Amino acid sequence: MTIILVDVFTPYLKPVKAKLSAVAAPFYWVTSIPSRISEWGQVNIVTRDQLVEENRALKEQLLIHQRKLQGMAAVVTENVRLRELMNSAEMVAEQVLVAEMIGVSSDPLVHKVVINKGSRDNVYVGQPLLDAHGLMGQVVEVGPISSQVLLITDSTHALPVEVNRNGVRAIVEGTGDLYRLELRHVSNTVDIKEGDLLVSSGLGQRFPRGYPVGRVLEVIHDPGRPFASIRVEPMAQLNRSRHVLLVFRDTTTPQSTTTAELTDEP
Amino acid sequence: MQTVVANNRWFIVLTVVVALMLSVMPLPQEISWLRPQFVAMVFIYWSLALPQTVGILSAWMTGLSLDVVSFSVFGQHTLAMVIVAYICLLSYQRIRTYQPWQQAIWIFVMLGIYQLFVNWVHSLTGHSARPSEFLLPAVASALLWPIVHVLLERFRVIYRVS
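Top to bottom, those sequences are chains W and F.
Start counting at 1 in the first sequence, then tack on 95, and there's your number in the working numbering.
Start counting at 1 in the second sequence, then tack on 35, and there's your number in the working numbering.
Hints were generated in silico from the structure; no laboratory data involved.
Over 12 angstroms on every C-beta distance to chain W, these chain F residues come out as not near it, computed from the model: (1) ASN42; (2) VAL48; (3) GLN87; (4) GLY90; (5) SER93; (6) LEU125; (7) GLN128; (8) TRP136; (9) GLY147; (10) VAL174; (11) ILE182; (12) GLU188; (13) ARG189; (14) ILE193.
Just a few of them, taken from the derived set where beta-carbon distance is under 10 angstroms, the chain W residues facing chain F: (15) VAL111; (16) SER200; (17) VAL209; (18) GLU236; (19) ASP249; (20) THR251; (21) LEU333.
Values in this document were obtained by computation on a predicted structure and should not be read as measured data.
Think of the CB as a built atom: it goes at the ideal place given N, C-alpha and C, for glycine as much as any other residue.
Turn these sequences into a full structure, and let the hints guide you.
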């Protein structure tokens, strides 16, 4: 009883929890063995035809991406030049580290995952996590060889975003449903439409700027309510991504007090 | 009075560890509400079978290890486990004589209480669930109880755990 209150309302148990998460890591490692075996099987037990086919598809994809990249190079230099003209701060160079997801929180209400990188790989609390499609969440606890990540769909998580089309800022909150996010406190007159891409705005100092977060599914204007209710579908494949990316910032900014995490729910 | 000699108590620990593993086994999100509370079921079994061996303190330790492994708030499962263990230790003499299906109903009630406490702590941290959802693990556990009971009973006799 006391221990619950201490843990919920004070930070004293944080170091103990970080130590004990090292005890929990083997459990997740053992329970991920079946899926590893099946993954190994998918990689190693394939026919030559399948490999050839996959190789061809990958080459095609590579070609498409390279073409896009060619355009990007010009855009990036132009962007840097424009920023220089405006004397604004240069873009922060970011490094990434590939991590593997080894476990998922067993509690359906809590959207946390465990990854196989910890303080030995310089993972820090608050570090953003991405997959190939978009932002997934942030690191909340770091152990020596593993760390826990709170996903953006957890009902205690919120992050600042902007609409890619016109730069309208908003806060996107998790709902406790893996396929649904919500925009909170957006007034009825704001220009947000179905299909808009939301990218992280970097205003919370927690997430880097410009990574895709979600796509607007529907906008409901109810005249009886002060705010529009906007449903968003997360871009990241939160329930099936296995290989994820941890983003490091070169310039270590001090942790600001405006975290992207809301702890008190109305 | 006959004195109880400790025998093969490592087996109790082993079953709890296996239950911990089953409780963090990855499940698809769609059916994750149907995951039985393996650790609580195993602990209830031992508190019915060997009430002189497992007690409130071992309930506390089992609950805390589940908290550690499942990354929940410390004390969440501990509190629930201690309360369920207390009720079990009070009433084991009656429960032992029940038919399997009667025991299953009783397990549903026990794990319903367990889930109530777990969700009460959840609501402190801002997660909330509908009653129809958070009672599903209790239903799943009650359905699984006859199998768990038979299995553990068999192993307890083989290894003569006391």
